[in-house]
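Given chain A, work out where chain B should sit, using these hints.
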Amino acid sequence: MSTLTLPDDPQLRERFSELKRPLTPQAATIEANRCLYCFDAPCTTACPTHIDVPGFIKRIASGNLRGSALRILDANILGGSCSRACPVDVLCEGACVLHRQGRHPIRIAQLQRHAIDSFHASGEELLKAPPASRMVRVACIGAGPASLACAAELCRQGASATILERRALPGGLNTYGVAEYKLRAADSLREIELIRQMGVQFRFGASMDTADDLRALEDEFDFIFLGIGLGAMQRLNIPGEESDGVMNALELIAEYKTGRLRELTGTVVVVGAGNTAIDAANAARRLGAETVYLLYRRGESDISAFNFEYEHAKQEGVQFLWRRQPAAIRRGDHGQLLLDTVQVREVDKKLLPIPDSQFTIACNLVVPAIGQSPIAQLMREACRIEIKDGGIVTDRATGRTSNPRYFAGGDCANGGREVVDAVADGKRSALTMLKIAEAVYA
Amino acid sequence: MPDIHIRGFAGSINAPNPFWLASAPPTNCGEQIMRAFDAGWGGAVWKTIGEPITNVSSRYSSADWQGLRMMGFNNIELISDRSIEINLREMAEVKKRYPYHAVIASLMVESKREAWHEIVARAEDAGADGLELNFGCPHGMSERGMGSAVGQVPEYAEMITGWVKEKARTPVLVKLTPNITDIRTVARAARRGGADGLSAINTINSITGIDLDTFEPRPNVDGKSSHGGYCGPAVKPIALNMVQQVMADPESALPLSAIGGIETWRDAAEFILLGAGTVQVCTAVMHYGYRIVEDMAEGLVGWMRSKGFASIDDFRGLSLHRVTDWKNLNLNYKIVARIDEKKCIGCDLCHIACWDGAHQCIHLDRASGPVNGHVELHPTPADNEARTRDSITVTPVTRQERAAAFSKPGPYLAPIARIPRVDETECVGCNLCSLVCPVDQCITMVRVDTGLAPETWEERTRGAACVTQPQRS
Chain A
1 MSTLTLPDDP QLRERFSELK RPLTPQAATI EANRCLYCFD APCTTACPTH IDVPGFIKRI
61 ASGNLRGSAL RILDANILGG SCSRACPVDV LCEGACVLHR QGRHPIRIAQ LQRHAIDSFH
121 ASGEELLKAP PASRMVRVAC IGAGPASLAC AAELCRQGAS ATILERRALP GGLNTYGVAE
181 YKLRAADSLR EIELIRQMGV QFRFGASMDT ADDLRALEDE FDFIFLGIGL GAMQRLNIPG
241 EESDGVMNAL ELIAEYKTGR LRELTGTVVV VGAGNTAIDA ANAARRLGAE TVYLLYRRGE
301 SDISAFNFEY EHAKQEGVQF LWRRQPAAIR RGDHGQLLLD TVQVREVDKK LLPIPDSQFT
361 IACNLVVPAI GQSPIAQLMR EACRIEIKDG GIVTDRATGR TSNPRYFAGG DCANGGREVV
421 DAVADGKRSA LTMLKIAEAV YA
Chain B
1 MPDIHIRGFA GSINAPNPFW LASAPPTNCG EQIMRAFDAG WGGAVWKTIG EPITNVSSRY
61 SSADWQGLRM MGFNNIELIS DRSIEINLRE MAEVKKRYPY HAVIASLMVE SKREAWHEIV
121 ARAEDAGADG LELNFGCPHG MSERGMGSAV GQVPEYAEMI TGWVKEKART PVLVKLTPNI
181 TDIRTVARAA RRGGADGLSA INTINSITGI DLDTFEPRPN VDGKSSHGGY CGPAVKPIAL
241 NMVQQVMADP ESALPLSAIG GIETWRDAAE FILLGAGTVQ VCTAVMHYGY RIVEDMAEGL
301 VGWMRSKGFA SIDDFRGLSL HRVTDWKNLN LNYKIVARID EKKCIGCDLC HIACWDGAHQ
361 CIHLDRASGP VNGHVELHPT PADNEARTRD SITVTPVTRQ ERAAAFSKPG PYLAPIARIP
421 RVDETECVGC NLCSLVCPVD QCITMVRVDT GLAPETWEER TRGAACVTQP QRS
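Top to bottom, those sequences are chains A and B.
Heads up: the first sequence at position 6 corresponds to 6 in my numbering, and the numbers run straight through without jumps.
Heads up: the second sequence at position 454 corresponds to 454 in my numbering, and the numbers run straight through without jumps.
Excised from the complex, chain B in its bound form:
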């Protein structure tokens, strides 16, 4: 059975599994965190502790997509609105009852050395297994010189990390904001400041939408709104990119707790493949509750077993160096789309996608006879559509008519005339058709042998710079 325990993360943090709750409403108080641990979470980063604030109502809004709720989620809630004393007293209680779970104190105080020294000491006295410095909160706190106001200036980040490290006995993680041109600049600063680990990413500045009746942006606070922090499934690709950038950079890389749209074990596995040591979850729990962790743990273990991984470290970072600069990609690698006529249901989305959004090489010519070649040789989508719009259809009212109308249309599921065909001589292998196809494994991208040795742009243009001036793109 694969072991998903975390041992010695960022130096000394242990946990029964890599699934932690991010610093957010699900970790607002001790009562919640204990229920979360009972549900199966391996760790929790306490909702950021600092001088208590006053919140507004409302605080959250979401980006829904095609009827699905909370594809993206946004908040303008600040750090904990409870006193430092209460938070730390509850933290001590949690640690006493759950000694083997990871409890990380997320901290944010004003940018003074003494203030940081004091809060670090108090959190560690309460039993925190580690500290997470909130340099990422993009709304509200940043207007007061905290949160992302620190995280966007490498010098501040380095300085405060240094102050914390002067005092801390437990591992110090710096939480990075994505609201910056290059996330590595702050990651490097944190590392220079002595950080033991990183958490990434914090939320992304956002306005989730505008009410078309009232013209009020969301979330609405008495007719106005403010830049919120965006998270949830929609941000995962951005988070994956930033985690990869940090982990692939020798001056940035540190043990990393990945955050950003993680909802399932699949999401978690992807972040770990890019080098993350643990993952943090918030939006998915706010949507469905703590119970989602059961499948996350089970699913990850099941996948590890099927792949033969005994521990998290067995696969951590395996995909990290498969991300490279474009100039290092093989220009002679060629794939083409192939449509499985046995699976095609005849929606013809690939045809219109290829014509309007790609390279005009998917045609409806299986019945009329395949034609390969450039775009001018083929009827356009409009031609195809006009033909059926001119057709005369009647309701099949008799048994015979119905039998004829619903007889098997040929050897395949869909009538042959509706099964598109890829002109492989024109296909550039862009993937678009396989992405729009609603049927799994119906359109596959198949490698074709170009007979050419692998060659990258870097290799092809090596030496060219001697003869021509480098061009601006």
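Bound conformation, chain A alone:
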């Protein structure tokens, strides 16, 4: 099955035009030449996948664009989506030594994108070892970044990898969950096409809901990698949550990215203040909602969203309601959607409602965005894997779980981080599996 199956939607393209325009070739060369070429560079260390940043940047400067892209993909097979989705302020660009000189950091993400885009434009494929040159068969559950990275590394080294995905398209949150103006679903799929060409097998519509499903996999494969992400979004646990006008943030993002949700009107209230809440609020604005409130039970300084995301939301026209909690969702006399809210204050780390502070917002949509719940229950029971706080316990350096046949990485193991963290997890697991197989073979 091809991974390139998403129709082009001009309206989506226009409303969610990319935040950052790509560099022109000459601008990329000039920017690349600013790089000091640090030794044992802090940007490389700061990157969870340890991309050789000065190495790929110097290759851009010299005009060796193919070499630059290969250098990136060698460390991070999803280097293209990471260049768009990574919060580089707190990663490579945040670590750039030029900050210490009061200078602008190198625009690493933009340069990385330039190299990868050129590679895609050239139509070249990645080099890989002859298929089945290593007798290791691995199943990766979930087609998100962790599994993709794991499978790609395995195939690159000649092992065989099969990705099992419940949905119709691969990529996980890369395809369904990253704001379209940062990473277009089409770009995510283009990148995965490269991985498919390396020999990674995909099985779509495959659900792993029972212990029997997993037993069957154990019979077919040597190792199983769990890249299952987090579970459904957490509920608000307030009356009326089941009503029509409620759609959680991930659902909203996936719906508009796949073209099923094309228009919003009136007032939208997003509950929560993480990066996903911001993505959903911005999306609501771009989809046409006149008023978008972001409701958060604590204050501005407590939000978990990155600073640049918060600033971006303000520019998009999102309005913030601080220290306010949803109390109930109901229908008004004329059928309109009403969200009852209450002001709260923090006393000894507890949030207490302030009397007589009730306030009702008439709105068209309520979007809960207060995080995802862990999913790992089945794994504990069916695979005898240790779970802690809802996450799969792994040895981070190797990706190993408490069951030697199972590995895990990405959000289900790290509690929910970035694409680049999932890639690093998946790759480390693959390398461990290859090492084990090598030892057995020897």
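Keep in mind that the hints were calculated from the coordinates and are not lab data.
Any given hint could be a false lead.
[To be verified] Negatives, chain B to chain A, calculated, CB over 12 Å: (1) N205; (2) E216; (3) R266; (4) G299; (5) G451.
[Said to hold, decoys possible] Estimated spans, in silico, between C-beta atoms of each pair: (6) B:E110 x A:E124: 58 to 64 Å; (7) A:G317 x B:V221: 58 to 64 Å; (8) A:R66 x B:A386: 23 to 29 Å; (9) B:I207 x A:D395: 54 to 60 Å; (10) A:R66 x B:E110: 53 to 59 Å; (11) A:E124 x B:R387: 30 to 36 Å; (12) A:E14 x B:R35: 48 to 54 Å; (13) A:G299 x B:G289: 56 to 62 Å; (14) B:G289 x A:D89: 37 to 43 Å; (15) A:E14 x B:P237: 51 to 57 Å; (16) B:I207 x A:I436: 52 to 58 Å.
Backbone N, C-alpha and C fix where the C-beta goes; we use that ideal spot for every residue, glycine too.
Same frame as chain A, but now just chain B:
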């Protein structure tokens, strides 16, 4: 206010300042030169006048460096393609309107006494304040027995200078080509021929590059190229060396107009410190226009004021005799590198430069504990790098993680583990680290007292020749 007027250069040339335009496209015609004088240039050497030639297109190419344009510049353009009459008529006009500016006629004719006599007379009749004999042009003209074909043969240079001097009433400058083993041989010949001054250096033979798609060298003329003349910022160190060689040689030294990569007042001051009386500029003007002279004049005056120099002669040649033969350098002078931990940004370029390109004495051991001594005692750069590549990093997603990741790394700007340290017991004082360091004044070279009296190689080996045969190096 310091005075930067030039008075009586090479005998009788006066100018409001030492900044002259070299004989080149910026001095192609009178209209240009008058605008240049309006912009502030003190003098101009007219684009070489001779029997008009036919040029090719294209004519120029450049060596760019790390995205910067025209680090080096190259041309295969010949002398003036305009008639002698037009050039000289315009020269007379310029002199009439700008009597206090220096107008020098650059000349090149075939190597016949009568031809030189005639052109000298005509240029002086047009009002030229001096003559510059183009013995340097390295391309095209040299194939016809002119330009550097003269400048590379001391006998020819001396002979033609002599012919010119028979006729000339104004100062005669000989422009020297650098495309010769020892520039002094021609400088001496010019002096023997009676030259009043020198201009140095002309352009250096070059091919600036090859197109990797078409395999055509640059500049491309219908698929072919030719050896061009190289100039611009890249040639300045070569020009400084040659100017110093000429000015330090008693048989060569004459009033000298320095040429070669001069773009700012700093460049000009350096040439004057080596003995030049005026400077000539071309590439920088071709890049940015006549307007650059404003800062050149202002900057030089400002620097002179800060140093207490009242005139150009106050500092001319001050550095000339600080260049000496290697054998006269003090072997007991010792410096070591010192890294200012307060300024270090942790790029660690000095560490890798010292290990791979110098003497393996800059280490990353401030955190682990300083170790002095020979190379075997220290982890290699590869060891250091492997350690960080094995580390596991995660994105700081919570506020607390971000605060921890971006908290001040210690007492200094950079984390202590990334601030390199110099093992002064092994440092040879080569300067490399201070040259690669991107931060001003972060790595300084500090003198250490060896307790030994100054001693040169010459002094150390004096008398040794009596016992052993001199060795070939």
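Hint check results:
1. For B:N205, the requirement that its beta carbon stay farther than 12 Å from each beta carbon of chain A is met, with the minimum near 27 Å.
2. Non-interface status of B:E216 relative to chain A is upheld: no Cβ of that chain comes within 12 Å, the nearest being about 17 Å off.
3. No beta-carbon of chain A is positioned within 12 Å of the beta-carbon of B:R266; the least distance is around 23 Å.
4. For B:G299, the shortest C-beta to C-beta distance to chain A comes to about 25 Å, beyond the 12 Å cut-off, and the non-interface label holds.
5. The non-interface label for B:G451 is consistent with chain A: the shortest C-beta to C-beta separation is roughly 35 Å, beyond 12 Å.
6. A beta carbon spacing of about 59 Å between B:E110 and A:E124 agrees with the range 58 to 64 Å that was offered as a hint.
7. In this structure, A:G317 and B:V221 meet the distance hint of 58 to 64 Å, their C-beta atoms being roughly 60 Å apart.
8. A beta carbon spacing of about 27 Å between A:R66 and B:A386 agrees with the range 23 to 29 Å that was offered as a hint.
9. Between B:I207 and A:D395, the C-beta spacing of about 59 Å keeps the proposed range 54 to 60 Å intact.
10. For A:R66 and B:E110, the hinted distance range of 53 to 59 Å is satisfied, since their beta carbons lie about 55 Å from each other.
11. For the pair A:E124 and B:R387, the beta carbons lie near 34 Å from each other, so the given range of 30 to 36 Å is met.
12. Our hint of 48 to 54 Å for A:E14 and B:R35 holds, since their Cβ atoms are close to 51 Å apart.
13. For A:G299 paired with B:G289, a C-beta distance near 57 Å keeps the hint of 56 to 62 Å intact.
14. Take B:G289 and A:D89: their Cβ atoms lie about 41 Å apart, and the range 37 to 43 Å holds.
15. A C-beta distance of roughly 56 Å is found between A:E14 and B:P237, which places it inside the suggested range of 51 to 57 Å.
16. Between B:I207 and A:I436 the CB atoms are about 57 Å apart, so this pair conforms to the stated range of 52 to 58 Å.
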